[in-house]
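Asker: Letter by letter, the chains look like this.
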Amino acid sequence: MPGRLARWISAADPDWDAVYADQLPRVYNFFRYRFGATADAEDLTARTFEKAWRARHRYRRDLAAFSTWLLSIARNVAADHVRARRPFVSLEQASDVRAAGTPEEQAVRNSDGERLAALLQQLPDRERELLAMKYGAGMTNRTIAIATGLSESNVGTIVHRAVQTLRARW
Amino acid sequence: MEDTDLNSLRRDPSPAFAARLQSSLHEQEKSRSHAAWPRLRAIAAPAVIVIIILGLLSLPAVRASAQSFLAMFRVVNFVAVPVDEGRIAMLESQNLDPPHLIGEQIQVLEDPGAPIGVVSPEQAGTAAGFEVKVPTYEPANVTLATIDVKGQQRLRATADAERLRHAMETLAITDLEVPAGLDGQTVDVRIPPVVRMRYERGGAPVVEVLQAKSPEVSLPDGINLAALGEIGLRILGLSPIEARDFAQSIDWYTTLLVPIPAAATSFKQIAINGQPGVAVERVRRLPDGGRQFSSSYLWSQNGQVFAVNGSLSALDMLKMAESLK
Numbered sequence: 000m001p002g003r004l005a006r007w008i009s010a011a012d013p014d015w016d017a018v019y020a021d022q023l024p025r026v027y028n029f030f031r032y033r034f035g036a037t038a039d040a041e042d043l044t045a046r047t048f049e050k051a052w053r054a055r056h057r058y059r060r061d062l063a064a065f066s067t068w069l070l071s072i073a074r075n076v077a078a079d080h081v082r083a084r085r086p087f088v089s090l091e092q093a094s095d096v097r098a099a100g101t102p103e104e105q106a107v108r109n110s111d112g113e114r115l116a117a118l119l120q121q122l123p124d125r126e127r128e129l130l131a132m133k134y135g136a137g138m139t140n141r142t143i144a145i146a147t148g149l150s151e152s153n154v155g156t157i158v159h160r161a162v163q164t165l166r167a168r169w
Numbered sequence: 000m001e002d003t004d005l006n007s008l009r010r011d012p013s014p015a016f017a018a019r020l021q022s023s024l025h026e027q028e029k030s031r032s033h034a035a036w037p038r039l040r041a042i043a044a045p046a047v048i049v050i051i052i053l054g055l056l057s058l059p060a061v062r063a064s065a066q067s068f069l070a071m072f073r074v075v076n077f078v079a080v081p082v083d084e085g086r087i088a089m090l091e092s093q094n095l096d097p098p099h100l101i102g103e104q105i106q107v108l109e110d111p112g113a114p115i116g117v118v119s120p121e122q123a124g125t126a127a128g129f130e131v132k133v134p135t136y137e138p139a140n141v142t143l144a145t146i147d148v149k150g151q152q153r154l155r156a157t158a159d160a161e162r163l164r165h166a167m168e169t170l171a172i173t174d175l176e177v178p179a180g181l182d183g184q185t186v187d188v189r190i191p192p193v194v195r196m197r198y199e200r201g202g203a204p205v206v207e208v209l210q211a212k213s214p215e216v217s218l219p220d221g222i223n224l225a226a227l228g229e230i231g232l233r234i235l236g237l238s239p240i241e242a243r244d245f246a247q248s249i250d251w252y253t254t255l256l257v258p259i260p261a262a263a264t265s266f267k268q269i270a271i272n273g274q275p276g277v278a279v280e281r282v283r284r285l286p287d288g289g290r291q292f293s294s295s296y297l298w299s300q301n302g303q304v305f306a307v308n309g310s311l312s313a314l315d316m317l318k319m320a321e322s323l324k
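Line order of the protein sequences matches chains A and B. Residue 40 in numbering that gives the first Met the number 0 sits at position 41 of the first sequence; the count goes up by one each step and never skips. Residue 180 in numbering that gives the first Met the number 0 sits at position 181 of the second sequence; the count goes up by one each step and never skips.
For reference, chain A alone in the conformation it holds in the complex (with noise of 0.2 Å):
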């Protein structure tokens, strides 16, 4: 705590309206790779800067440090996204999903965006996160690795393989 208190001697308010420029994007496509392109990911976005807006204060002075806690809050709100409704694709869907290997049933698939977000929504919820966070948020393994409590190699590992199931898929 005296780090904290040493930390607001000194320091001067950032530009909020900046941080929030740069970080927005990387919390919304967060919830895209973890949930699809979905109205969801909007919600989902507001949930969680409504949250961290609170208490941003604290982390004015160290904003790499303010980026990392505002995906675990993020996290946190895709975590009680998940155990709040059930998910998104039914086993009948994903069976759909696999099977569109045809040109026609290609052809109804309009972009490789909708490709890979109907992929990720087969793969197992940990690996789907952690995608979410390395895709979407653009966070590295090892920053991965400090806001999950796995460690770097495990997240290199659990990433590759993931990686490897979706190109077997593509």
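If you are wondering where the hints come from, they were derived from the structure by calculation, not from laboratory data. Be aware that a few hints might be false.
Claimed, not checked - Quick partial rundown of chain B residues pointing at chain A, CB under 10 Å, derived from the structure:
#1 Ser-13
#2 Gln-27
#3 Ala-179
#4 Gly-183
#5 Ala-225
Keep in mind the model is a prediction, meaning the values are calculated, not measured. Beta carbons: idealized from backbone N, C-alpha and C, even for Gly.
Since chain A is already given, all that's left is putting chain B on it; use the hints.
Answerer: Chain B in isolation, oriented as in the chain A frame:
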């Protein structure tokens, strides 16, 4: 599949959504400035000040050359000390408050980083290195919202006798002397990981439970903590008699002083599950004429320190504190 494919899901949020959310956050800011969340910092900051006073002012009075850390401070008891908020404001305005007095002499040996969010008390315990206690009593409609863990922090403070002497002169503290050999002495402070569980009611934060192993302050051998604590108390505004009596009556190696702003409605020594602690209850007048109640409970048990802060009723807060299992 290439990396470009893996990144293909990324999109910028729509400008309309970004603007709407930003506007909402600004509105939230305005409403919060007038209301709800208790002013925990008003209590936390003075507590921090005392830790620093213990760390910096409690330096060796006689054995100036002793650099070996033989004495150790650990929190066992909390004792409340009333402090005039006007005095603190005056100290701050003249750069004589403890943070200014010692701020330039603090070296961060280990930065705790940002708190890390976890999903369960068990995970928090793993991260913090102790078994996390959870309230078995939750008031109606109050639910656990978030858990985070702040990492360990280690600091080293180096005393500046001249600066302290100047502060005492400015504050007309002429009957006490800065101990000889103070200058350059160092104190190590270790604050173990802190677990915070935050509870909400209807989406608004109403109470938080904090717990950690006791902070430790490693002190040079041969110190006169009572004499140096007395200087700290005088700086905070206690009268000479009050400061002398207080300094002589407590065990400085185990007691954490909690300066309580005099504006606090009340404070008292209490026992929580048989352990000594401090209860602070505040009522803050709001601009619209209403009143905002908040309270804090601090106690230690088996080498750990606990705090429950929030705006629930005193009865609910105390029941939550006593139900920690």
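Asker: Hint by hint, note whether the structure agrees.
Answerer: Here's how the hints hold up against the structure:
{"no.": "1", "hint": "Ser-13", "verdict": "holds (8 Å)"}
{"no.": "2", "hint": "Gln-27", "verdict": "holds (6 Å)"}
{"no.": "3", "hint": "Ala-179", "verdict": "violated (26 Å)"}
{"no.": "4", "hint": "Gly-183", "verdict": "violated (19 Å)"}
{"no.": "5", "hint": "Ala-225", "verdict": "violated (22 Å)"}
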